[in-house]
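Starting from the known structure of chain A, fit chains B, C and D onto it as the hints suggest.
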Amino acid sequence: MVKVEFLGPIGKDPVELNINTLEELADYMLKSDELKEWAENSAVAVNNTIVQDHNFQLKSGDVVTILPPVCGG
Amino acid sequence: MVKVEFLGPIGKDPVELNINTLEELADYMLKSDELKEWAENSAVAVNNTIVQDHNFQLKSGDVVTILPPVCGG
Amino acid sequence: MELFQGPLDVKAISNRWYDEVRELNYGAFITFVGIIRAENSIEALSFDIYEPILRKWFDSWQQEAKSRGALVKMAHAIGNVPIAQSSYIAAVASPKRKVALALIEEFVEDFKANAPIWKYDVVNGERIYAKDRSTPMEGAGILKKDSDD
Amino acid sequence: MELFQGPLDVKAISNRWYDEVRELNYGAFITFVGIIRAENSIEALSFDIYEPILRKWFDSWQQEAKSRGALVKMAHAIGNVPIAQSSYIAAVASPKRKVALALIEEFVEDFKANAPIWKYDVVNGERIYAKDRSTPMEGAGILKKDSDD
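Residue numbers (the working numbering), protein chains in the order written: chain A, 1 to 73; chain B, 1 to 73; chain C, 1 to 149; chain D, 1 to 149.
Treat the hints with care, since some could be wrong.
What the hints assert, rightly or not - Facing chain A, a subset of chain C residues (Cβ under 8 Å, in silico):
hint : residue
1    : Tyr50
2    : Pro52
3    : Phe111
4    : Lys112
5    : Trp118
6    : Tyr129
7    : Ala130
8    : Gly139
Simulated from the structure, these hints should not be mistaken for laboratory data.
Every residue, glycine too, gets a C-beta built ideally from N, C-alpha and C.
For reference, chain A alone in the conformation it holds in the complex (with noise of 0.2 Å):
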């Protein structure tokens, strides 16, 4: 199982999940109405490091974290 939360403005609670891929997190983020925008815009970190690779595995306990579009300061 995986750990994802979602961060800032998308106000969603964690949920875990039993998925591998980041495809597989991209197809349950667009299949919700909730979710569906922040699937187009947000970067995705595990375990508090950045992916920048589509092929990325999970591997169970990973927290993954969704970060939407920025504006600190």
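Coordinates of chains B, C and D only, in the frame set by chain A:
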């Protein structure tokens, strides 16, 4: 008569000169051992405006300022 | 890096940093302060921060600054910051003026683009995500299905 | 523009400027502080200033800043400034971050090149002109006889 002031490290008292051109000013400075080097690297202001034109004409009562290389801050 | 609930005490923070960099024999010290402007009938701005990734982001800038003989500092507010108060201070100290001037610009611009902080307008007590002023982070779009890279 | 005999009270000056720009609804406030470094066995640096031309130089930068919706501020020391004290503060306030970042760099670099200020190392109580670190001003060389322009 034109008053000529020497700023910062030049360390020389002002002089009154009977000159009409920058060339005459240059001649005055170049024949002085003390002022020669400063003629090469200084900017010149007339009545507190930096002069950029070689043909600038001086008139009686002008105050000429010799500004050696700077380093503020 | 320092995070505070509510507005920053800019004077206390920047005075303290100034004393630190004086003691370390730096010659140039630059601070950038962000102040909440009165516009769009807001009462305040409000901020969410994801600290673990912000700290990594900051640490990698500290490494970069060190490689140039410089150092960076940063403070940011969490939660509401009223108009005319400050939410953000970034600072650079360096022996060299030109290094400091280049670094403050790079540091602040990358902060705006990639620090994991979310901004909200506060209007009538309600927080509204500042969507139009927000920027997708480096790496955003990795979940897009039509991406072909 | 503010000139002071001896070292600048950086905290008092920058805190006062911060309050001024907050009241004027600027969103970005940058200060650049120059601190005297311990090097070359100096005790202090010392400065001569020619105020009439410095004031004109500063006023033309204030005009330029105004044309960009910004403002500039400056304080400088006259005479001796010991190690770890400050001789110079430049500041920019602007509604916009990018304008402020560009302007502080241009303002400080042009200051170094063209402000009529002369710097001396103070070693064993003696003032030695910092010739090697000094730059001929814009317009320098107008008295050179071999110039062909």
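Hints, verified against the model:
1. Tyr50: With a closest approach of 5 Å, the Tyr50/C hint holds.
2. Pro52: With a minimum Cβ separation of about 4 Å from chain A (threshold 8 Å), the hint on Pro52/C holds.
3. Phe111: holds (6 Å)
4. Lys112: Nearest chain A Cβ about 6 Å off; hint holds.
5. Trp118: For Trp118/C, the interface hint holds, since the closest Cβ of chain A sits about 3 Å away, which is under 8 Å.
6. Tyr129: With a closest approach of 4 Å, the Tyr129/C hint holds.
7. Ala130: holds (5 Å)
8. Gly139: holds (4 Å)
The earlier numbered hints are all upheld by this structure, with none contradicted.
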